[in-house]
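For reference, the chains in residue letters:
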Amino acid sequence: MMMGIGKIKAGCAVAIRELTKEYYPIVAVAPTSVDVASGGFFAIIGPSGSGKSTLLGILAGYVQPTAGRVEVNGKDILSEPMYRRNIGMVFQNYALFPHMTVAENIAFPLKMRGLQKSEVTERVRHSLAMVRLEQYRDRKPGMLSGGQQQRVALARAAIYQPSLLLMDEPLGALDKNLRDEMQEEIKRFQQELGITVIYVTHDQQEAAFLADRIGIMKDGAMVQIGTPRELYERPTSRFVAGFLGEASVFAITGLSAGSEASATIEGGLSMRINPANAARGGKYVCIRPENVMIGQEAARLPNVYEGVITESLYTAGSVRYRITAPAGQSLVSRALPHTGFQLYETGRTVKFGWSPDDVCVIN
Amino acid sequence: MKNEGVLWKILRLSVRAMTMLLLLAMLVPLAIIVILSLSDQSYLSFPPTAYSFRWYRSFLANSDYQSAIINSLTIGVSAAFLATVAGTLVAIAVIRGAIPGKDLLSTLMMAPAILPQIILAIGLYPISVLLSLNGTYWAVILAHAAVSIPFPFIAVCGALQGYSDRIEYAAMSLGASPRQTFRHITLPMIGPSVFSGFVFALAFSIDELVLAIFLTSPSTRTLPLLLWQQLNYQVTPEIAAAATALLTFTLLLILSATIVRRFSQQKYKVSGA
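First to last, the protein sequences are chains E and Z.
Per this note's numbering, the first sequence starts with residue 1, numbered consecutively.
Per this note's numbering, the second sequence starts with residue 1001, numbered consecutively.
Simulated from the structure, these hints should not be mistaken for lab results.
Heads up, a few of these hints could be off.
To be verified - Pairwise CB distance ranges (calculated):
id, chain 1, residue 1, chain 2, residue 2, range
1, E, A221, Z, K1102, 49 to 59 Å
2, Z, L1255, E, R139, 48 to 58 Å
3, E, E266, Z, K1102, 30 to 40 Å
4, E, T66, Z, S1256, 42 to 52 Å
5, Z, T1258, E, A173, 45 to 55 Å
6, Z, M1026, E, A129, 53 to 63 Å
7, E, K117, Z, V1085, 26 to 36 Å
8, Z, F1046, E, R139, 34 to 44 Å
9, Z, G1162, E, R139, 20 to 30 Å
10, Z, L1247, E, R113, 27 to 37 Å
Said to hold, decoys possible - Short, incomplete list of chain Z residues facing chain E, as computed with Cβ under 7 Å:
id, residue
11, L1011
12, G1158
13, Q1161
14, G1162
15, I1167
16, Y1169
17, S1173
18, G1175
19, A1176
20, R1179
21, Q1180
Stated by the list, open to error - Calculated Cβ distances over 12 Å to all of chain Z for the following chain E residues:
id, residue
22, R113
23, V308
24, D357
Note that CB positions come from ideal geometry on N, CA and C, so glycine has one too.
Isolated chain E, as found in the complex (with noise of 0.2 Å):
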């Protein structure tokens, strides 16, 4: 829809170099390297305080960094004052300007850039069309709803077709059948106009929704970076499997190596792990709920062992195990729950098991 205005710029690749914020003695981003392709989609989650806000407050420039770099399609941004920056930015609690109309918000960068007033005219009545507020050009932010303002913030902030855009957890003010709805139309909005976006969140489902790589936070530092795929099926440390997803964790007490690997877990407990799993070591095996089996299906795996179902909870479209092994480890076990499906009750004592290849061994 905004093709017809303007060409479309494609997005630009970032490239963030050993970026440092220090507040002394505490350090707020420990030196932090990430990458984001043109057109990509990077979500940084992580708990509050995490250092999230801060490392996209430094990307936008109202964050002074302590050392490092960071690239805009092979140009240093560090050095620009952030309105010479070209960078779209949606903050938290949007920051629409309460004085100006919806029109004159979504106009504000235009006019800034000192385009002509037919010019501004045109795009604005573009941009209103692409997120649906043509009827509400002329009320003050004061006088929208939350998803509203929300959409003024998205328009506003990409109109100048900005090199990049940031998003500082747009969505954490909204409830949640609109958080779903939102979620759907900034996916929408990102892919038409082909930007390249760092998205800040606490909600680690939204980011595996709307990117295609994430960076894991804690502490100040990026811990794990990888596709939604790679860091559920493949965490590398127990925050991260604890963070994305539910998981199983528990900490080897012996590992052996080689064809026939296997580890050896509190309670004595022994299962057979993958080979190459078992040569990146680790302090813990990680074992997602999907991938516990129960009954026969868990049978026929090399991994099988017997419990009790001590929690059976039956929620729409899933099905919630507990089981406890007789050396007292406790696990969690999903199901769908398709035609013909049986349902274990609590206090029955069932076989499960799961199969070498998904069992992580994490730090």
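Fit chain Z to the supplied structure of chain E, relying on the hints for placement.
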């Protein structure tokens, strides 16, 4: 439970009565001044036996009052302007800036509101003599500006704390230089408070007596000072007429500040705090 209810009721009634008393203590003298100003007699006595506007005519025809009014307005507008510019800039520095010693600076800015004016006046007098400013407009303008700085300072600090600095960051991320951000974002956001700070500073200067006693000469004499001098010299209802004029002007100023504030609040709800 019932006893508590009764106690609470007594407490509530006594608070209400206290408030009424205080309001009366303020309003009754004002009413008396207004009634006195309408007297037809040639001396001050309450209540007047006959009413007329003769003292208003006399007040308006009196060249002493005319020049005092012009002096008061000249000094008041200049002092309020200086106080507003300085108070606004310091408020921005204190609330948005990254400067050391912010707390100390805020306290200093508030000091004139707390320090007794008589002490300031005694201190300022030799300074204005040393600088050969005594008796000039500048002496009293600068003194009034310094003393009325807390009004715009407090008002603008409040306005700046009322919205997130993210709004200014947003403007800059959208390509506005610091100057453009000030002009298009900060100034419209704090405008009503800047105006009300100016009005209160002006009202302060128009009503101020102590500094005027020390720092003005007969040619720069202000209205409150003339009233004060007249009280020692000839007590006619003309004084009441002049006092009523001063009172009306001050009330109109404060009313205008209230209207501007109310209007701007209706114009937009501040979001994103």
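Results of checking the hints against the structure:
1. E:A221 <-> Z:K1102: 49 to 59 Å: Taking Cβ atoms as reference, E:A221 and Z:K1102 lie about 32 Å apart, which means the hint is violated.
2. Z:L1255 <-> E:R139: 48 to 58 Å: Once the Cβ atoms are compared, 30 Å apart, the range 48 to 58 Å for E:R139 and Z:L1255 is violated.
3. E:E266 <-> Z:K1102: 30 to 40 Å: violated, 54 Å
4. E:T66 <-> Z:S1256: 42 to 52 Å: Roughly 50 Å apart at Cβ, these two residues keep to the hinted range, so it holds.
5. Z:T1258 <-> E:A173: 45 to 55 Å: violated, 33 Å
6. Z:M1026 <-> E:A129: 53 to 63 Å: holds, 59 Å
7. E:K117 <-> Z:V1085: 26 to 36 Å: About 33 Å separates the Cβ atoms of E:K117 and Z:V1085, which means 26 to 36 Å holds.
8. Z:F1046 <-> E:R139: 34 to 44 Å: Given a distance of about 57 Å, which is not inside 34 to 44 Å, the answer is violated.
9. Z:G1162 <-> E:R139: 20 to 30 Å: Given range 20 to 30 Å: holds, Cβ gap about 21 Å.
10. Z:L1247 <-> E:R113: 27 to 37 Å: violated, 52 Å
11. L1011: violated, 39 Å
12. G1158: Result: violated, 16 Å to nearest chain E Cβ.
13. Q1161: violated, 15 Å
14. G1162: violated, 10 Å
15. I1167: holds, 5 Å
16. Y1169: Because about 5 Å separates Z:Y1169 from the closest Cβ in chain E, which is inside the 7 Å limit, the hint holds.
17. S1173: Because about 4 Å separates Z:S1173 from the closest Cβ in chain E, which is inside the 7 Å limit, the hint holds.
18. G1175: Check passed: Cβ of Z:G1175 comes within 4 Å of chain E, closer than 7 Å.
19. A1176: holds, 5 Å
20. R1179: violated, 10 Å
21. Q1180: holds, 6 Å
22. R113: E:R113 not clear of chain Z: closest Cβ-Cβ about 6 Å, inside 12 Å.
23. V308: Given a closest Cβ separation of 53 Å, the condition holds.
24. D357: Per Cβ check, E:D357 is outside 12 Å of chain Z; nearest 46 Å; holds.
Figure legend: structure checked against the earlier numbered hints; hints not met, in rising order: 1, 2, 3, 5, 8, 10, 11, 12, 13, 14, 20 and 22.
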